[in-house]
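S.K.: So you can see what is in the structure, the chains are spelled out below.
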Amino acid sequence: MVYGYAGKILHIDLTTGKTEVETPNEQFYRKWLGGNGFIIKYLYDGIKKGTDPLSPEAVSVFASGPLSGTLAHGAGRTHFGVKSPQTGLLADSSAGGGFAAMLKYAGYDAVVIKGKAASPVMIVINNDKVEIRDAERFWGLKTIETQHRIKKELTHEYKVACIGPAGEKLVPMTSIITDTRVAGRSGNGAVWGSKNLKAIAIYGDKDVKVADMGKVKALYGEFAQKAKETLGGLSKYGTTGLPASINAFGGMGTRNMQEETFEHVDKIGGEILNTEHLIRHRSCFSCCIHCAKDFKVNKWDNVSEGPEYETQYSFGSMPAIGDVDYIIEADRLSDEYGLDTISAGVTASMVMELMERGLLTEKDTDGRTFKFGNGEDLLELVRIIAERRGEFGDLICKGTRAIAEKLGGDAYKYAFHVKGLEPAGHSPRAQKTMSVGYATSPRGGSHHDARPIEYGLPPEKRKTTEGRALNAFNTQNWTCLGDSLVVCHFAEKIYGTSVAQAHSDWINAVTGWNTTLDEVKLIAERIYTMERLFTIRESGKARTGDTIPWRALNEPIPSGASKGMYTPQKELDTMLDEYYDLRGWDRKGVPTKATLKRLGLEEYS
Amino acid sequence: MKHIVFDEKKCAGCNLCELFCSSKWYDAFNPKKSRIKIKTEDYVAPKYNVCLQCDDAPCVDACPTDALVIDQDLERVVLINDLCIGCRLCVKACPYDGIYWHKDYKLPIKCNLCEGEPECVKICPKNALSVGD
Numbered sequence: 001m002v003y004g005y006a007g008k009i010l011h012i013d014l015t016t017g018k019t020e021v022e023t024p025n026e027q028f029y030r031k032w033l034g035g036n037g038f039i040i041k042y043l044y045d046g047i048k049k050g051t052d053p054l055s056p057e058a059v060s061v062f063a064s065g066p067l068s069g070t071l072a073h074g075a076g077r078t079h080f081g082v083k084s085p086q087t088g089l090l091a092d093s094s095a096g097g098g099f100a101a102m103l104k105y106a107g108y109d110a111v112v113i114k115g116k117a118a119s120p121v122m123i124v125i126n127n128d129k130v131e132i133r134d135a136e137r138f139w140g141l142k143t144i145e146t147q148h149r150i151k152k153e154l155t156h157e158y159k160v161a162c163i164g165p166a167g168e169k170l171v172p173m174t175s176i177i178t179d180t181r182v183a184g185r186s187g188n189g190a191v192w193g194s195k196n197l198k199a200i201a202i203y204g205d206k207d208v209k210v211a212d213m214g215k216v217k218a219l220y221g222e223f224a225q226k227a228k229e230t231l232g233g234l235s236k237y238g239t240t241g242l243p244a245s246i247n248a249f250g251g252m253g254t255r256n257m258q259e260e261t262f263e264h265v266d267k268i269g270g271e272i273l274n275t276e277h278l279i280r281h282r283s284c285f286s287c288c289i290h291c292a293k294d295f296k297v298n299k300w301d302n303v304s305e306g307p308e309y310e311t312q313y314s315f316g317s318m319p320a321i322g323d324v325d326y327i328i329e330a331d332r333l334s335d336e337y338g339l340d341t342i343s344a345g346v347t348a349s350m351v352m353e354l355m356e357r358g359l360l361t362e363k364d365t366d367g368r369t370f371k372f373g374n375g376e377d378l379l380e381l382v383r384i385i386a387e388r389r390g391e392f393g394d395l396i397c398k399g400t401r402a403i404a405e406k407l408g409g410d411a412y413k414y415a416f417h418v419k420g421l422e423p424a425g426h427s428p429r430a431q432k433t434m435s436v437g438y439a440t441s442p443r444g445g446s447h448h449d450a451r452p453i454e455y456g457l458p459p460e461k462r463k464t465t466e467g468r469a470l471n472a473f474n475t476q477n478w479t480c481l482g483d484s485l486v487v488c489h490f491a492e493k494i495y496g497t498s499v500a501q502a503h504s505d506w507i508n509a510v511t512g513w514n515t516t517l518d519e520v521k522l523i524a525e526r527i528y529t530m531e532r533l534f535t536i537r538e539s540g541k542a543r544t545g546d547t548i549p550w551r552a553l554n555e556p557i558p559s560g561a562s563k564g565m566y567t568p569q570k571e572l573d574t575m576l577d578e579y580y581d582l583r584g585w586d587r588k589g590v591p592t593k594a595t596l597k598r599l600g601l602e603e604y605s
Numbered sequence: 606m607k608h609i610v611f612d613e614k615k616c617a618g619c620n621l622c623e624l625f626c627s628s629k630w631y632d633a634f635n636p637k638k639s640r641i642k643i644k645t646e647d648y649v650a651p652k653y654n655v656c657l658q659c660d661d662a663p664c665v666d667a668c669p670t671d672a673l674v675i676d677q678d679l680e681r682v683v684l685i686n687d688l689c690i691g692c693r694l695c696v697k698a699c700p701y702d703g704i705y706w707h708k709d710y711k712l713p714i715k716c717n718l719c720e721g722e723p724e725c726v727k728i729c730p731k732n733a734l735s736v737g738d
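Chains as they are written, first to last, in this note's numbering: chain A, 1 to 605; chain B, 606 to 738.
Derived from the structure by calculation, the hints contain no laboratory data.
If you're wondering where the values come from, they're calculated on a predicted model, not measured in any experiment.
Mixed in with the good hints, there may be bad ones.
The calculated lysine to any residue pairs, modelled on SDA-like cross-linking and capped at a C-alpha distance of 20 angstroms, are [said to hold, decoys possible]:
hint: 1; chain 1: A; residue 1: 228; chain 2: B; residue 2: 731
hint: 2; chain 1: A; residue 1: 363; chain 2: A; residue 2: 380
hint: 3; chain 1: A; residue 1: 588; chain 2: A; residue 2: 537
hint: 4; chain 1: B; residue 1: 615; chain 2: A; residue 2: 387
hint: 5; chain 1: B; residue 1: 615; chain 2: A; residue 2: 279
hint: 6; chain 1: A; residue 1: 116; chain 2: A; residue 2: 50
hint: 7; chain 1: A; residue 1: 49; chain 2: A; residue 2: 542
hint: 8; chain 1: A; residue 1: 209; chain 2: B; residue 2: 631
hint: 9; chain 1: B; residue 1: 614; chain 2: A; residue 2: 234
hint: 10; chain 1: A; residue 1: 236; chain 2: B; residue 2: 615
hint: 11; chain 1: A; residue 1: 267; chain 2: A; residue 2: 233
Model the full assembly from the supplied sequences, consistent with the hints where possible.
M.R.: Structure below.
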């Protein structure tokens, strides 16, 4: 037994109904660590090149990490991964809550699901007992109701993760929800839908044992103290306090990136949310920061957990909605339907711009007009996407890339996506770290690979490309390690934004290993490069796929503190060259044989 | 008598109290071995369960071997391990769902206020737990 781990990985075939328990050796755990490490290993090995993400052959994995179930910060998070039906590439998305901790208490480190059930089912895991049960009665229900009903049947001691109606309809931009926490990005939900898998319920009462309890508690104590000193803003506002500062910085995507400052930012920020909408603060399992918030939609007397910053951007500044009630409501609807708020909001904003420009007309939209700034239009677009309503819904639910491909002409200029995934609210024009970061992310427009670390810098210091490739490299390794441990990324102010000694200390205290900082860095590089191999295999592209949206390459920010900034191809090329050198990939963006050997990935050369 | 008091307005539902409790008394992270339970649910305030150290304790009445006794000096309901036969009648008798059973042990899981300095009160990041009457 390896301390920290359960020592078992559960395999479930929904076609045959058979389950199997794998007991990997210690070497496996030390090589892949957990979370995204397990996911990429089982995805790469488990599906053939070119597998349809929504076919029975596709694999869905969710995983805990060595720290899950302990009292490490945010160690209740769960990592869900599939080949994305939205991008055709890696989708791994992390949800808060406590689902992975419960998985560990039930005695498993990860679950690998393949096949397709003949009719809607749910998987019920009660420690060693694993059952596939009929779930026809839950099909069609929204996510909160689904969880309530399942818990009512099984007892409230269970943790449940489920999909909503959008996932059932195979909408590509769909999420998996556990409690009110969401693994939002890249379409995990549709893959469950394609397998007729409505939900997974887990109950466990086993121990998570650590090698050095004294050290684990000491590390927690240090963390909690520093969190109190430095993360007070997160505790008070979550990330909802960010719009004001990101707007002042000149990087808050507005009107589908036509601008990067939003005139109504004060109406959608943390102050108004906390004074007029806040019901209570909420924590993920085992986290002392409690950054989540329950907010009330005053207009309709509804409650939603969230929005957070990314949703204030995607349902706020991007579609130019200056009434926060509509943002909370759009967030709530998305959670209930099981929809990714970032992709849904950015796609809705693109629709609004296309209509403004006449590239999309009422003939295409079943007779409706959608305008920037109109909250009702936004809610309607969310419903159309979630319900995949009509021909119009069938098109826009696939996201901005699909819309541009269908319309042709100039539409591609207004499609804000990277590799088919709409970026979050951290501008690739205002921060060149995010240009090279998004371009090289295996997931596309993900803000949880490279991190936006240029917010403290004035514009004149942000115009250079110098050091930006290194920023992206360091922060990607850092988030990659966080996603394999599996812990929350909001410890940035405590551990810094590159892989740190503290990571190695946590791993050693929990597992009893003697990892060094170098070994831990190597693990992060290994997992990231393995994700790169998956990107190359599935897209057939390396450097040629590493790009950013048209606007980021061609159109300077028109106003605000970051006025004039963008990243022309020449600059991106400079950063990509540096970046590939740092990673040990060749200038075409392909990992070299020597790099694969250094990372212990010889078998994938 | 004195017992753990809970402020639902302050609790954010992190369950760290459960992890500190189970690790202190059973050397493992396992909420099902915690003597205090926090139930979190979407859109409503968290709830808690713990032994309330009742003055008129149904568990004491239910215990067939007098393993549970009210200690007026210590101001709490005390479990005398040697006398307990593991019949679980106390678990059933408690109207507050404050005593628990786990298959790994032959004794019930019950808060003893950490013999004076409750760990959960000490570590609660939101100061939602305290000792009171």
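S.K.: It remains to establish, for every hint, whether it holds in the given structure.
M.R.: We went through each hint and held it up to the structure:
1. A:228 x B:731: Answer holds: residue 228 (chain A) to residue 731 (chain B) is near 11 angstroms, not above 20 angstroms.
2. A:363 x A:380: holds, 17 angstroms
3. A:588 x A:537: Holds, at about 14 angstroms.
4. B:615 x A:387: Answer violated: residue 615 (chain B) to residue 387 (chain A) is near 38 angstroms, above 20 angstroms.
5. B:615 x A:279: Given that 20 angstroms is the threshold and the Cα spacing comes to 12 angstroms, the pair holds.
6. A:116 x A:50: Holds, at roughly 18 angstroms.
7. A:49 x A:542: Judged against 20 angstroms, a Cα distance of about 15 angstroms means the pair holds.
8. A:209 x B:631: holds, 10 angstroms
9. B:614 x A:234: holds, 18 angstroms
10. A:236 x B:615: holds, 13 angstroms
11. A:267 x A:233: Judged against 20 angstroms, a Cα distance of about 19 angstroms means the pair holds.
Of the numbered hints listed earlier, the single one contradicted by the structure is hint 4.
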